[in-house]
Amino acid sequence: MRIDEYASIIGQGNIDDLKAIADRLKDRTIQNINSTAVGGGVAEILTRMIPLLQELGVAVTWDVIKGGTKFFEVTKKFHNALHGQGDAVTAEDLAVFMETSQNNIEEMKVTGDIVFVHDPQPIALVRKRTDNKWLWRCHVDVSNPDKTVWDFLRDFIVRYDASVFSAPTFSQNLPIRQVLISPSIDPLSDKNKDLPEETINSVLAKYNIDKDRPIVTQISRFDKLKDPIGVVSAYKQVKKHLDCQLVLAGGGATDDPEGIKVYEEVKNEASGDSDIHVLLLSQNDIEINALQRASTVIVQKSLKEGFGLTVAEALWKGKPVVASHVGGIPLQITHKYSGLLCHSVEGAAFAIKQLLNSPAYAEKLGKNGKEHIRNNFLITRHIKDYLLLFLSLYYKEDIAYL
Amino acid sequence: MKEIVNAKEPFNFYTRLHLTELTGLKASSIPELLILIKEVPESSIYHHTHRFLQQHQYLSPEPPNDFAYWVGNVIGDDKLGEKLASIDTVQFVSIGSLREKIVSVIEDHLKSHPRSADRFTMEDEAFHFMKSLSFIMPTQYTVGNLREFAEALKKVTIDSIYFHIFEARLRLGKKANDFSLWIESSIGDKELADKILKMDPYTYTLEDLRKSIVKMVEKRIS
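Chains Y and V supply the protein sequences, listed in that same order. Residue numbering for the first sequence follows the working numbering, starting at 233 and increasing by one per position. Residue numbering for the second sequence follows the working numbering, starting at 12 and increasing by one per position.
Since the hints were derived computationally from the structure, they do not count as laboratory data. Glycine included, every Cβ here is placed at the ideal spot set by N, Cα and C. Keep in mind that a hint or two might mislead.
In the EDC-like style, the derived pairs of lysine to aspartate or glutamate whose C-alpha atoms are separated by at most 16 Å in a straight line are [to be verified]:
| hint | chain 1 | residue 1 | chain 2 | residue 2 |
| --- | --- | --- | --- | --- |
| 1 | Y | K536 | V | E53 |
| 2 | V | K13 | V | D170 |
| 3 | V | K13 | V | E43 |
| 4 | Y | K425 | Y | D517 |
| 5 | Y | K251 | Y | E287 |
| 6 | V | K112 | V | D189 |
| 7 | Y | K308 | Y | D295 |
| 8 | V | K166 | Y | E497 |
| 9 | Y | K360 | Y | D383 |
| 10 | Y | K536 | V | E134 |
| 11 | Y | K536 | V | D189 |
| 12 | Y | K456 | Y | E497 |
Label-pair ranges, simulated between beta-carbon atoms [as the list claims (entries may be wrong)]:
| hint | chain 1 | residue 1 | chain 2 | residue 2 | range |
| --- | --- | --- | --- | --- | --- |
| 13 | Y | D444 | V | P52 | 54 to 62 Å |
| 14 | V | L121 | Y | E324 | 34 to 42 Å |
| 15 | Y | P428 | V | K49 | 39 to 47 Å |
| 16 | Y | D444 | V | D205 | 53 to 61 Å |
| 17 | Y | E578 | V | P42 | 30 to 38 Å |
| 18 | Y | R391 | V | K49 | 52 to 60 Å |
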């Protein structure tokens, strides 16, 4: 994608602003460091963002640390512990982490005026800091972290110039600056771009979904925390009063025993009702896009959520959304303005009924939701925030004249 | 068509972009909120009384300030929520005086409704204090008369309009919005300047604000 292709979505003036800010960074080099070049949300966003930053004239590079299986097993444990889950991290785990970190400290060439470190895996590289600027980007929900792991990481975090979190609830008591930068969706990607009517219809036909009756959809992997069983219960309450169909679709890793178990449970719960469609779709972005666009109401009834970008994807398609008040979802939906928030199965059912019975209200929420995403959750806003973050390292006051 | 008056000084359109910083401070009840409202930097009060204007600039009416929204919708104290929502922000010429007003509204409410202090939220619904870092930079638009002004006003981003109407006045401590100041001092049209000044910009979307000002200026020069 080229940056000017986004002008038709956000306006030429905003593209001009991006160019003007980027111009003020032309003498700085920015080095991104993370733990993997492919797979995972961080690699995905860097893959999309770096070419756009380079096109804007920013000297940005991307390096990846090295680590063996043991190291990544430990960092996976860190990840779970930061979510407040999983096994306890041992002294031996910390020793494994430090050994690999030390190797990376010795081998990694630090070239950036600004070093932008993503997530905990490369965090110890800050020991290499000289007179350049260091940023730590936390993509993980750390609202309730395991204390041992957080205290261990905190010793590194405080050596950075600033940290970046995705939602206010993730912020911590830290002596360094904490910047709020939400993640984003790319409106030109397969998952979000406009689709021809024929494509949408062919996907509905493929899965035997009736396009002439209301469709309630939740797009999520089959995970207990996404509460697919709760969605089926809410649908059943709605169905007592209104004719509608339910689509539960999402990727499910075939090597994830927990995911398969949840999928089976959902299938079981849905048995006997041919209007419930439980679809295991692996990485089929166009089909997911088509299902969202064909929906009458989209649900995201998670029990716990990181940021919950599926909500932004749904809103971007102008759909009315019913979603739980968890993680980053309240940033995307202001209750009764750009969607409906809920706290229970009953609340979700009530909100779905309201939207199905009041198409004009549903349309207004969807329309507002789309504008909210256009203003706040597209990749272009994400780029703007990163550029301002880099610039902010050179200004001390709350008001900066560029 | 009226004769176009050339300005004594050109008007340079600026824009304002912002970055949100987290303070790590949070409140779970109205008394906690009150304590922190007194303590946080002005940039935080500014953020929570103006954030909706930019983030929800397409909505009319947009949600009120963050304090009113949280107290009303999360804490569930509708009375105080309404009182905070109806604070007439446009009357305040500084963040300091706006902060004092918010504090006095909450203190008065707690005196007359002491049980309001007992309401608490769940941890994940706490009020998180944030602040705005503003980055101000010139745009390519510089104008020398009202006709050029109206044309440029149609083209600048809403961030630019936001800057000249809201931020310049309240955060940078000017006595009026930039448009009124320039129209009065450089064009010499006090009537038009006053007309723009008299608007309550908090009750418009930014796009409607743009259209309304363009209409006023075009009517004046036609």
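Verification of the hints:
1. Of the pairs offered as hints, the one joining K536 of chain Y and E53 of chain V is violated, with about 33 Å between alpha carbons and a cut-off of 16 Å exceeded.
2. Only pairs whose Cα atoms come within 16 Å are accepted, and K13 of chain V paired with D170 of chain V is rejected, the gap being roughly 31 Å.
3. A distance of roughly 58 Å separates the Cα atoms of K13 of chain V and E43 of chain V; the hinted pair therefore is violated under the 16 Å criterion.
4. Our distance criterion of 16 Å between C-alpha atoms is met by K425 of chain Y and D517 of chain Y, whose separation comes to about 10 Å.
5. For a cut-off of 16 Å, the pair hint linking K251 of chain Y to E287 of chain Y stands: about 9 Å separates their Cα positions.
6. A hinted pair counts as satisfied when its Cα atoms are at most 16 Å apart, and K112 of chain V with D189 of chain V does not qualify at roughly 25 Å.
7. Taking the CA atoms of K308 of chain Y and D295 of chain Y, the gap is about 20 Å. The hint is violated against a cut of 16 Å.
8. For the given pair, K166 of chain V sits about 55 Å from E497 of chain Y by alpha-carbon distance, which is inconsistent with the 16 Å threshold.
9. Pair hint K360 of chain Y plus D383 of chain Y does not hold up; C-alpha atoms about 20 Å apart against a cutoff of 16 Å.
10. The straight-line distance between the Cα atoms of K536 of chain Y and E134 of chain V is roughly 13 Å, inside the 16 Å bound, and the hint therefore holds.
11. Between K536 of chain Y and D189 of chain V the alpha-carbon distance is near 46 Å, which puts this suggested pair outside the 16 Å criterion.
12. The suggested pairing of K456 of chain Y with E497 of chain Y holds, with an alpha-carbon distance near 10 Å, which does not exceed 16 Å.
13. The beta-carbon spacing between D444 of chain Y and P52 of chain V, approximately 56 Å, falls within the hinted interval of 54 to 62 Å.
14. Separation of L121 of chain V from E324 of chain Y is about 53 Å and departs from the stated range, judged on CB atoms against 34 to 42 Å.
15. For the pair P428 of chain Y and K49 of chain V, the supplied restraint of 39 to 47 Å is violated, since their beta-carbon distance comes to about 57 Å.
16. As the Cβ distance of D444 of chain Y to D205 of chain V is approximately 58 Å, the hint placing it in 53 to 61 Å holds.
17. For the pair E578 of chain Y and P42 of chain V, the supplied restraint of 30 to 38 Å holds, since their beta-carbon distance comes to about 32 Å.
18. In this structure, R391 of chain Y and K49 of chain V break the distance hint of 52 to 60 Å, their C-beta atoms being roughly 32 Å apart.
Checked against the numbered hints above, the structure breaks hints 1, 2, 3, 6, 7, 8, 9, 11, 14, 15 and 18 and satisfies the rest.
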